[in-house]
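Let the sequences and hints guide you as you build the complete structure.
Chain by chain, the residues:
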Amino acid sequence: MHITDGYLSAEVSIGAGLIAAGALGLSLSKLNQTLSLRTVPLTGMMAAVIFAGQMIKFPLLAAPAYGHLLGGVLAAVVVGPWAGCVALALVLFLQMALFADGGWLAYGANVLNMGVVGALGGYAIYSFIRARVQGRKGIVAGAVIAAWTSVIAGSTLFCIEFALSHPDGSLDLSMLFTLMTSFHSLIGVGEALITGGIVSYILAVRPDLIQEPLSRRGAVAGLGRIVGTGAVAALAVAAFIAPFAAEGADGLEAVAQRLQFDALEWKPWAPLLSDYEVPIPGVDYSSGFWQKLSVSLAGVLGTSAVLCMTFAFGRFSKPRLADQDAGPSHAG
Amino acid sequence: MQGPVMPADFLDRFSRGNTVCHRMPARLKIVLTLSVIFVSIVLPASYWPAQGCLACLVFAALSLAEIPIAYLARRILLILPLVLMTALAAPLSHGFASGWETAFGIVFRTLVAFLAALWLVNTTPFDRLLAGLCRLGMPRLFATLLAFVYRYLFVLFDELARMRTAQRARTFGPGPVKTAWKSRVQLVGTLLIRALDRAERVHGAMCARGWRGKMHSLN
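Sequences listed follow chains H and P, in order.
If you count the first sequence from 1, position 203 lands on 258 in the numbering used here, and the numbers rise without skipping.
If you count the second sequence from 1, position 155 lands on 1158 in the numbering used here, and the numbers rise without skipping.
Hints are computed from structural coordinates only; laboratory data are not their basis.
In this text the structure is predicted, and so the values were computed from the model without any measurement.
Hints may be right or wrong, so weigh each one.
Chain H regions said to be covered by chain P (calculated; three or more residues, Cβ under 8 Å) [said to hold, decoys possible]:
{"no.": "1", "stretch": "92-106"}
{"no.": "2", "stretch": "145-159"}
{"no.": "3", "stretch": "191-200"}
{"no.": "4", "stretch": "249-255"}
{"no.": "5", "stretch": "350-364"}
Using N, Cα and C, we set each Cβ at its ideal position, and we do this for glycine too.
Here you go:
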């Protein structure tokens, strides 16, 4: 999941680093205003929870592989967007400095893709939905949809960074989008499932822990939220549109011809690729429309899975404890 | 509360050795590693001699630090599939006719940078790494936050291990996928709730000891 050094060029790494540093600085100054002395214990503890929570392996249906929490939206829902963004940056830094997960120069890009998009962008979508759907249903639906959307948006951002790093035409952007979007649509479903589950569990056990959305003070706060929601939603939509938009270019046709022509070379990689896309037996992949088909399928499957989750969690996240309004009670 | 206690070095296992590399000042190691990574990225992939020299340098440093080969091989095997997938995007764009050089460049540079980073984190304990980064200009607040997270990771891992032991004691096996997910969601959820309560208590304790937003250390 993490970008290691070597994927991105130095210019792109530095550019992403500057944007991430700006977002982090803004988050820290906002935190100092609202939390003051509580900043360190609260944000730090949230980061530690996400770090430890990522160690918990969630079994996938049939595969021997495991998924895990990413946590951007979860952190933002529980401790607010600014603390969530800083917490994700801390987690990414520790993974880099303890395990060498994620590159040192690519740290800014990692913070941008997962922390800024995950926590700040995810929170924008969450509060957008929460302002329109009342009660617990709004909280869970917002968290689920924000989790899925932010994963897709992060992968789109990575595609853009990757493409910017290799500007010499050695990369076909639509191909990259096809692979990444199909893959991350599934990862996003897992993230939405985990985030929705944890949020509805907290709502059932300790509803006082879920933050109220930041109050609507003036037009600027509302404008910022709308801009954030729009940007993340646009990134997510772009992931699904990009493979179609490039149709006019010769790239796709050339690829299709090559794929047909180099049938021998194509075959060894087929099992590798089927991990990425939704495999559809019996469809003529070589005609070039398999990209669109797999992206559309991944999009449709992902969206319907997220919608199902929204309804399911909304129904089952009723309060379980009768005395849940009695105030905070220590769990242990 | 008794339970499994995480050993102090379970996060950075090889970083407390006593070789030349371990004794080097942290600041020097950080600057060296970052410059190796930077040079490897900035140089075009077609400069094979230079790239090869960088790789040799990294290998020499790794063997000087006496980091076990098996550990390095395991780490590389874990990241290799993802790196190969991403690198394949280039030849895939050209129907496997060209673009192999770009792909090979990505894989090679990624491995060099990854090994250099592994050398840094496995020769420098986290506290010294943090002190070195602070002297290189990392903001104090961010360093304080990192130190806090590092300290409480051990506490939370202990807590998680206790909860898993309890969960295993109550059940016979992982059960079907749905049950497994539910129990893991509750595990993370409970960890989150307990940790936020703990943050409140820790905050009180810090304030009682005169916390004014700045951490003091002996070095």
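These are the hints, each one checked on the structure:
Beta-carbon proximity to chain P at under 8 Å applies to 14 residues in the stretch 92-106 of chain H; the threshold of 3 is reached and the given coverage holds. A count of 11 residues in the stretch 145-159 of chain H with a Cβ less than 8 Å from any Cβ of chain P is obtained; the coverage claim is therefore met, three being the minimum. Coverage of the stretch 191-200 of chain H by chain P is violated in this model, with 0 residues showing a Cβ closer than 8 Å to a Cβ of that chain against a need of three. For the stretch 249-255 of chain H, the stated coverage by chain P holds: 3 residues have a C-beta nearer than 8 Å to a C-beta of that chain, and at least 3 were required.
Figure legend: the stretch 350-364 of chain H, annotated as covered by chain P; annotation inconsistent (0 residues with Cβ-Cβ distances under 8 Å, at least 3 required).
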